[in-house]
Structures are given as structure tokens and as C-alpha cells.
Amino acid sequence: MVIFGWRFFKLPNYKLPNYKMASLVSHPDEVKVVSKRFGKGATSIDRYLELDGYKAVQKALSMKPDDITALVKDSGLRGRGGAGFNAGLKWSFVPKQSPKPKYILCNGDESEPGTCKDRLIFEHDPHAVIEGVIIAGIAVGSHTGYIYIRGEYRYLSEIMQKAIRDAYARGFLGKNIFGSGYDFDVYWHGGAGAYEVGEESALMESLEGKRGIPRIRPPFPAVVGLWGGPTVINNAETLASVPHIILGGADWYAKLGTPKNGGTRLFCLSGHLNRPGVYELPMGYNLKKMIYEVGGGIPNGRNLKAVVPGGSSTPVLTPAEIDVPMDFDAMTKAGTMLGSGGVVVVDDTTCMVKFALRIMKFYQHESCGWCIPCREGTDWLKKTLSRFHSGGGVRKDIDNIQYLAENMLGRTFCPLGDAAAMPTISIVKKFRKEFEDHLDGRPCPFEKAGAELVTA
Amino acid sequence: MKFSDQFESRLAEMLTHYPTKRSALVPTLLYAQDELGFLSDEAIAEIASRVDLTELEVRNVISYYSMLTTKPRGKYNVQVCTNIACLLRGGEEILDHCKKKLGIGHKGTTPDGLFSLEEVECIGGCSWAPAAQVNYDFHENLTPQQMDKVLDEYKRKGTQ
Chain A
3 MVIFGWRFFK LPNYKLPNYK MASLVSHPDE VKVVSKRFGK GATSIDRYLE LDGYKAVQKA
63 LSMKPDDITA LVKDSGLRGR GGAGFNAGLK WSFVPKQSPK PKYILCNGDE SEPGTCKDRL
123 IFEHDPHAVI EGVIIAGIAV GSHTGYIYIR GEYRYLSEIM QKAIRDAYAR GFLGKNIFGS
183 GYDFDVYWHG GAGAYEVGEE SALMESLEGK RGIPRIRPPF PAVVGLWGGP TVINNAETLA
243 SVPHIILGGA DWYAKLGTPK NGGTRLFCLS GHLNRPGVYE LPMGYNLKKM IYEVGGGIPN
303 GRNLKAVVPG GSSTPVLTPA EIDVPMDFDA MTKAGTMLGS GGVVVVDDTT CMVKFALRIM
363 KFYQHESCGW CIPCREGTDW LKKTLSRFHS GGGVRKDIDN IQYLAENMLG RTFCPLGDAA
423 AMPTISIVKK FRKEFEDHLD GRPCPFEKAG AELVTA
Chain B
341 MKFSDQFESR LAEMLTHYPT KRSALVPTLL YAQDELGFLS DEAIAEIASR VDLTELEVRN
401 VISYYSMLTT KPRGKYNVQV CTNIACLLRG GEEILDHCKK KLGIGHKGTT PDGLFSLEEV
461 ECIGGCSWAP AAQVNYDFHE NLTPQQMDKV LDEYKRKGTQ
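Chains as they are written, first to last, in the working numbering: chain A, 3 to 458; chain B, 341 to 500.
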């Protein structure tokens, strides 16, 4: 494997001491909204204020709550965690009157393979997340927000905890925020290593100090969420977008993207690319252009074999299928999903059976075991793919892999089962020949020494 | 069982953030583990009493989260990601290199107790792959040579 010698274009360095920050990249096609303050030292509250920070929340405090929700709804902001549900619409499901406290929960458990965008938001612009949480709170009449950050992101938890302390010290959080008479508290919360916890109901279980297993719905979190109270759960990028929408207006934001897909999003380009990195591009940006222009194309004169368009759970696309706009609706039409923005580019040196196996190994590891189709299905599929890749496959395994995956779809409490099944089905359907090339004890055509059996 | 003052003040503060005590459990377990290296029987009993749970309930939670461990680990836990983005850019080579260099396998610990090795799932370093974490520190755009440097640096730090 060649490690590519691309040097990242570095933005001015406003490093906090002791943190090794992820490199930033830049491209002329970028439209910087969420990433506007990246590399500008906005972890400091003074710098954040200089860069229009906490203006949006003050504006929101002067607005009617329903108008905030309507504005966010009209902006076409859709859930950046992957499901792509209209954020304003989600907020509107929260009942006006509730005997139990209402909560805002920011999902920063980023762990979908291929996704590394929330990391940059927490690293460069933590106050934007706090501001987004407060605005969501004002819109739905909540007085408490939690920002959940995955355990591996310890340095980001420290940045966030400091940002929260700074905001309290200025009176932007706590009692009577900005002298408005409105009270709002924001707390940090940390995970300890679990992909499943990124699913909204498992996230609430985890925050309540339990194993992160999903809850059955309905009732949805907007009605019965944290400790039984109505809860709005949004991805960190979604919430970090909200202050910009409040200041720039719904029309401005909506027009940045495509119909019903407002704004921009952070695309995490990774895999076989000359210039991997996190780029903020308008919704609807062409995937082919993203790979060949923004990402700089495939290195070493190799050709494209497949693209994972939105994190490991999304069905893969072949080179013939990539001339598509990257928005939620166009990707659904293309038979896949926009997902979490993790674009993983795969060149023709890669074995797709091995790729499918690695994806399944992940889901088998992360399945919480609550639903049988997911727990048994991922395990069975991992074993089959592992045997298959090492040359022990028989022809009927190919159909059986697809059959098993198809029977996991829609049969679990949470989408983890689907997330494991969808890429698998797409790989079997689109790369069947590669499976056939492994048959009859033949060694993997892509591996010199033959495939190792995955036993972990 | 005594934790550090910082641990105590953090727990005391966190308990005020939630309507139920057990809500502070997951981050508290991780902070305890950071101090002790692993979650000992004693630590589990102590934390259980602080959040009004039984030891069994705490153990049920511990077994769910992949970062939490009830077994001692090396001083530096080397976590190499081999998930798809890292796989495509040499994550497996980095893992193999670490295995050879440290002479241990997945979830193994060197006899001097300095290093543990773990193959981990996506750590959010996809655009800077291949990536690894040593304890909480990220190391990215790795080559086997750079991984050597990283390990040598920790070895130097750990044996000083």
C-alpha cells in the first residue's frame, strides 16, 4: 500500500497547546457556512464574539418561538447525522405544554465509518454548537441542553467543557441569559466507545447511564425522550448550522442548496484520493466533480471502482453511477443515501469481497444484540464473508449473503441492522463477478499471500 | 478506595446536571479508568455506591462500552483503526507493523506493561487515514516509519 505524499494546504494555526489538530484543506468550490470559523481561533469566546458569535441567539430571544421553528423549517435544513429529516419539522413535533421538562440533545457521537466532520466542528467552533442548542431550546420551550461527545474524542470534550464554562462566565448560559429572563443550561456528556449510541434512542439510554440499546418507537423522542420528557435530538452539524440560518435567513440558506435540501454540508472525503479532507460544499454538488476536482482524483493512475457516498451504511455506487447531485433526494433516487457525508473512494486495487467483509466485521462488532435479526445476521454474514474471502466459498453463498442481508432489512428496532444490510446487498448485486472470482478455493485475486481468515 | 480530588469534584458537579444519579455513570467510569488504568472490583463497588446502583448494574454497563475494561492494560494503549477509510490507506499494514514491533497481538500487553495493542473501529480520522490513537492522542497520515517514531516517543516517555 502506497502512502500518498500529498501535503495539506494549511490554514493559519491558532493551536491550543497540547492538542494535535486535524489538518484543514481548502477548495475554491467550497461555500463556507459551518466551517466559516475553522482555523480562526473561535474556540476562544472573545474571538467567537468577534466573528459574529452569539448574535443569532440574541436575535432568537427577540423572536416568537414558533417563528424560529418556521424559519429553520423553511431553510430546508435537514438532519446532518444521516437520516436527513427536516430539522424545523422535527422541532415542531415537540408538544407546547409538557408536564415534564423538555430537553435538547446534541448528538456528537460521530462514529459512522468514513465520517470525521463533527470532530472539526468541536475542534474549531464549539460555541456554534452551544449557540445552536440554545436556539433549539428557545424554539421548543426547553431550558436544558446536553452535548454528547464520543469517548474517543477526549480532547474535544475538553474544548467543549471549556467553551461551556466560558459561556456561563459571560452570562450566555444559566439564569436570565443575555438579560432576557430566559434560563438555559447546557451540559457536556461523554460516551465510552459505542457506534450504536449514535442512534437517537440508544443515545438517550446511554445518557441515562445505561447500555446503549434502542427504544421502541413510537413514542418518538419529541414526545417521550430523556427521562420521559420531550426531547429534540439533532446532529452537531445540524445544530451548528442553526445560528447561521437565524442570521442569514431561511431564503439565503435554502438557496445555497437544491430544492428541499437547504444549505451546505461538510463532506468528508477519504480513501483513494489525492486530496482527502473535509470540504464544505453546497447541497447538490456533483459527486463526480467532488471526487475528481475537489478530492483531486485517484492517485497512482488507478481507476475508480466504487464509492461509498455517505458513510459505511450507505449502498455503494459504481463509476457509471456517480454523475449525480449530492443531496438527500437525488441520492435516494440513485438507490443510495446521502447519509452522514462520509465519501469513501475505492480504487481498482481493492477487493470488494474484503471491503464487504470489513464493513460487516464492523457492524457485527457494534451490534448491541438487542434484536435477533441484527445480532445473528451480522455474525452469520461476517463468518460467511470471511470464509468466502479466504477461498472457502461455494456458489450458493453468494445468493445466501444477499438473502440474509435482505431479511435483516426493516426487522430491527433501530437502523443498525439496515446499515449492515444495505451496503452488503449493493456490493453483492454490483460486484457479483468479484465474488465468483473467489470461488472453488481460488485465492483472493487482489491479495498476494491469500486472505487471512478474520477471527477477531 | 480513593480517587483524585479532580475526579471527586467532577463527579460532584456532574451529579447536579441530571435528574437521576446514574446518568453520570458512563463518563464517570471512563474518568475512573483513566486514573486507575482499568476498572477494578474495588472501583466498580465504589462507583456503584456513588450512583445508587448495584455492582451488577454497573458491570452490565461496562461490558457494553468498548473503551471500558475490567482488565489491566499497558500504560499506553495503541489503538489502530482498520475500518474502511483506514483499510484503503494502509491501516492493516500499520496494525501488522505494531504487532511485529511490540511482539503482541490484538488486546495484548507487552511484558513490561508499557504498551497494549488494539484493533479498533472508526475513530474519526477518515480524511487523515490511516489513523491510530495512543490513549487519547490522535496520530494520523501514518506510515510504518512514522508509527515507529510514535511508538519510540512513547517508549522514551514511559521509561524515563
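Be careful, since some hints might not be right.
Stated by the list, open to error - Under the rule of at most 35 angstroms between Cα atoms (straight-line distance), these lysine-lysine pairs were calculated in the DSBU-like manner:
hint, chain 1, residue 1, chain 2, residue 2
1, A, LYS42, A, LYS212
2, A, LYS42, B, LYS497
3, B, LYS489, B, LYS441
4, A, LYS385, B, LYS440
5, A, LYS42, B, LYS489
6, B, LYS447, B, LYS411
7, B, LYS361, B, LYS440
8, A, LYS385, B, LYS361
9, B, LYS361, A, LYS177
Unchecked claim - Simulated restraints on C-beta separations:
hint, chain 1, residue 1, chain 2, residue 2, range
10, B, GLN485, A, LEU51, 53 to 61 angstroms
11, A, GLN60, B, ALA352, 48 to 56 angstroms
12, B, ALA352, A, ARG49, 26 to 34 angstroms
13, A, GLN60, B, GLY448, 49 to 57 angstroms
14, A, GLY394, B, MET341, 33 to 41 angstroms
To be verified - Only part of the chain A face toward chain B is listed, based on derived beta-carbon distances under 7 angstroms:
hint, residue
15, PRO30
16, LYS34
17, GLY116
18, TYR189
19, CYS270
Calculated directly from the structure, the hints in this document are not laboratory data.
Note that CB positions come from ideal geometry on N, CA and C, so glycine has one too.
We went through each hint and held it up to the structure:
no.: 1; hint: A:LYS42 with A:LYS212; verdict: violated, 38 angstroms
no.: 2; hint: A:LYS42 with B:LYS497; verdict: holds, 32 angstroms
no.: 3; hint: B:LYS489 with B:LYS441; verdict: holds, 12 angstroms
no.: 4; hint: A:LYS385 with B:LYS440; verdict: holds, 26 angstroms
no.: 5; hint: A:LYS42 with B:LYS489; verdict: holds, 30 angstroms
no.: 6; hint: B:LYS447 with B:LYS411; verdict: holds, 10 angstroms
no.: 7; hint: B:LYS361 with B:LYS440; verdict: violated, 45 angstroms
no.: 8; hint: A:LYS385 with B:LYS361; verdict: violated, 41 angstroms
no.: 9; hint: B:LYS361 with A:LYS177; verdict: holds, 23 angstroms
no.: 10; hint: B:GLN485 with A:LEU51: 53 to 61 angstroms; verdict: violated, 44 angstroms
no.: 11; hint: A:GLN60 with B:ALA352: 48 to 56 angstroms; verdict: violated, 33 angstroms
no.: 12; hint: B:ALA352 with A:ARG49: 26 to 34 angstroms; verdict: holds, 31 angstroms
no.: 13; hint: A:GLN60 with B:GLY448: 49 to 57 angstroms; verdict: holds, 55 angstroms
no.: 14; hint: A:GLY394 with B:MET341: 33 to 41 angstroms; verdict: violated, 50 angstroms
no.: 15; hint: PRO30; verdict: violated, 18 angstroms
no.: 16; hint: LYS34; verdict: violated, 17 angstroms
no.: 17; hint: GLY116; verdict: holds, 5 angstroms
no.: 18; hint: TYR189; verdict: holds, 4 angstroms
no.: 19; hint: CYS270; verdict: holds, 5 angstroms
Going down the numbered hints, you'll see the structure goes against 1, 7, 8, 10, 11, 14, 15, 16, while the others check out.
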